[in-house]
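S.K.: Listed here are the chains, written in short residue letters.
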Amino acid sequence: MNFLKRNYGVILVGVGLVVLYILLTQTFNVLSDFLFPNLADVLKRFPEYIGEMMGNLWASLKLLIVAFVIALVLGIGLGTLIGLKSGLRRTISPWITAATAIPVPLLTPYALNIFPSFKWASIFLISLAAFWVILATTIGAVVSIDRRYLENAETLEIPKMQKLFKIILPAASPGIFAGAEVALTLSFMMLAVAEMFGARAGLAFFVHHYSDLARFDLVLLGFLFTAFWLVVITIIFDRIKKRSLNWTINN
Amino acid sequence: MLDVVVDHLQFAYDKNTLVLGDVNLTANAGDFICLLGQSGCGKSTLLRLLAGLEKSDPNQLRIGGKSVEKPSLDRPMVFQDYGLFPWMTAGENIGIALKQKYPDWTKEKRREVALEWMDNLGLEPELHDKLPRDLSGGQKQRFGVARAFAIDAPLLLMDEPFGALDAVTKALLQDTVIDLWSKEKDHRKTIFFVTHSVDEALLLATDIVVLGQAPSKVIYTHHFDESNKPKRETLFTDPAVNDLRTKLTQIIYEESTERARRLEAERAAQHTN
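Same order as they appear, the protein sequences are chains Y and S.
The numbering used here puts the first residue of the first sequence at 1, with every later residue one more than the last.
The numbering used here puts the first residue of the second sequence at 1, with every later residue one more than the last.
Hints are computed from structural coordinates only; laboratory data are not their basis.
Here a beta-carbon is modelled for each residue, glycine too, at the ideal position from N, C-alpha and C.
Worth double-checking, as some hints may not be accurate.
Here are the simulated distance ranges between beta carbons [what the hints assert, rightly or not]: (1) Gly77(Y) / Lys247(S): 55 to 61 Å; (2) Lys109(S) / Leu230(Y): 44 to 50 Å; (3) Gly77(Y) / Tyr102(S): 28 to 34 Å; (4) Asp146(Y) / Asp129(S): 22 to 28 Å; (5) Glu54(S) / Phe228(Y): 53 to 59 Å; (6) Asp129(S) / Arg147(Y): 46 to 52 Å; (7) Asn228(S) / Leu88(Y): 57 to 63 Å; (8) Leu150(Y) / Phe224(S): 33 to 39 Å; (9) Tyr220(S) / Ser244(Y): 50 to 56 Å; (10) Leu61(Y) / Thr17(S): 20 to 26 Å; (11) Thr106(S) / Ala227(Y): 49 to 55 Å; (12) Leu17(Y) / Asp129(S): 41 to 47 Å; (13) Ser136(S) / Tyr21(Y): 49 to 55 Å.
Here are the computed lysine to aspartate or glutamate pairs in the DMTMM-like style, where the Cα-Cα straight-line distance is at most 25 Å [as the list claims (entries may be wrong)]: (14) Lys130(S) / Asp238(Y); (15) Lys70(S) / Asp57(S); (16) Lys99(S) / Glu154(Y).
Given the sequences, and given the hints that come with them, work out the whole structure.
M.R.: What follows is the structure, encoded as structure tokens:
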């Protein structure tokens, strides 16, 4: 009951979208029923294809989790180092800016040729897309840490490693989380791009595969299933963020 | 419990702007020095130099006979904005200082001592696990003071610590600090306390040091003996204290008007040229 009360706005928008879809398809036939099949027919396919979709979900998650964790570790690690060292920052910042200007999907042919398997090529592409955002926001977040926190830590003679984990990273965490949130969305997009090229499994592969077979009922089912899990992942991330940033005034 | 010798101290943040012109002062171990002066006169800069947050000439500033190389647990600072780390609980803010000072102590011991100091500062034990954002300004500053006193440093630096508090909370905290400092008797900490308030300086200080406008130097000092140190009850009724208040206010006012005249004359001269 509490859940319904808290999220009635979200639920209302969802119901509105379903009604709009029905109006545009079955009621007024504005959209082609071949490309936009009856929602009830689509949902009937669910029990039959749930096993296949779960397998694809697991394949996608494996890529996404590994790639995102690599991007997080490298992005936060290097971003903190560059943020703390002004000399290094001056030297390397123009190169970071130049590198972020290259759209990651354009590197797909290179990745497929360089890496030994499709899996690692995909992980590389997804990681790279997320990495630049996390790196840039971490540098910004570390540079803009309130000087008073660092001075306070100095007067307490807090050792370097403790200072990194107890002062610098927590102080920079609002900025880092903001970057990680954007990076997560980019990772979803890159995951879809990566699975379009030569993948044999994954949620985007499922959609792409049935689109090639002109089974748009299954394409729509794949969309809905993917969207559901993206929302779940986003909610989990949001919970972690809120918990970690519970000290900020906005939470 | 540390002597501080400031000997012809000069300091500039950049080449063209001298903040401290020629500051000379000596604080004996156990003195409570209040630095008075208008905004921008360099009071906080002097405190930052004492803390080691700014670099000074080693011959111009000596604490306990040694030059100030870097910040130290022997010279904790209480900031006007409380200086608490907002992502730690209020108790952990004391605990992290205790951990540096007493690395052998267990977590339980640190908690016990933190609670003891919270009690000394009139803070309820339940506040130990609260985040700073859930505390009032007065409570935050009590935690700031508790942390500084808990590590039992010989020299304490306080930069307008009560400047942002309401009158009642400010008075309570002033009394608490005086109590904590006084009861240490022969082992009193040396305290440097920056304030804009003449009354606060009269109430707290054993020595009042007035700094002139930047590039500043000491323009007036006053020492109180233990016997004639103003008390809160007589702060506004004792004729001697009233005379001193008038004198201090006059000195600060005259210094600022003199500086304004000087600046105007300089501007006029530049305009003529």
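S.K.: Now tell me, hint by hint, if it's right for this structure.
M.R.: Status of the hints after comparison with the structure:
1. Checked against the hint of 55 to 61 Å, the pair Gly77(Y) and Lys247(S) passes, with Cβ atoms roughly 59 Å apart.
2. Separated by about 48 Å at the C-beta atoms, Lys109(S) and Leu230(Y) satisfy the suggested range of 44 to 50 Å.
3. About 32 Å separates the C-beta atoms of Gly77(Y) and Tyr102(S), a value consistent with the hinted range of 28 to 34 Å.
4. A beta carbon spacing of about 24 Å between Asp146(Y) and Asp129(S) agrees with the range 22 to 28 Å that was offered as a hint.
5. A hinted range of 53 to 59 Å for the beta carbons of Glu54(S) and Phe228(Y) is consistent with their spacing of about 57 Å.
6. For Asp129(S) and Arg147(Y), the Cβ-Cβ distance of about 28 Å falls outside the hinted range of 46 to 52 Å, so the restraint is violated.
7. Hint check: Asn228(S) to Leu88(Y), Cβ distance near 58 Å, so the stated range 57 to 63 Å holds.
8. Between Leu150(Y) and Phe224(S) the Cβ separation comes to about 37 Å, which falls inside the hinted range of 33 to 39 Å.
9. Taking 50 to 56 Å as the suggested C-beta distance range, the pair Tyr220(S) and Ser244(Y) conforms, at roughly 51 Å.
10. At roughly 58 Å, the beta-carbon separation of Leu61(Y) and Thr17(S) lies outside the given 20 to 26 Å, and the hint is violated.
11. Thr106(S) and Ala227(Y) have their C-beta atoms about 51 Å apart, which keeps the hinted 49 to 55 Å range intact.
12. A C-beta distance of roughly 44 Å is found between Leu17(Y) and Asp129(S), which places it inside the suggested range of 41 to 47 Å.
13. Separation of Ser136(S) from Tyr21(Y) is about 53 Å and conforms to the stated range, judged on CB atoms against 49 to 55 Å.
14. Taking the CA atoms of Lys130(S) and Asp238(Y), the gap is near 23 Å; set against the 25 Å cutoff, the hint holds.
15. Proximity of Lys70(S) to Asp57(S) is assessed by CA-CA distance (about 12 Å); at most 25 Å being required, the pair is judged to hold.
16. Proposed proximity of Lys99(S) and Glu154(Y) is supported: the alpha carbons are some 14 Å apart, at most 25 Å.
In summary, the numbered hints that this structure violates are 6 and 10.
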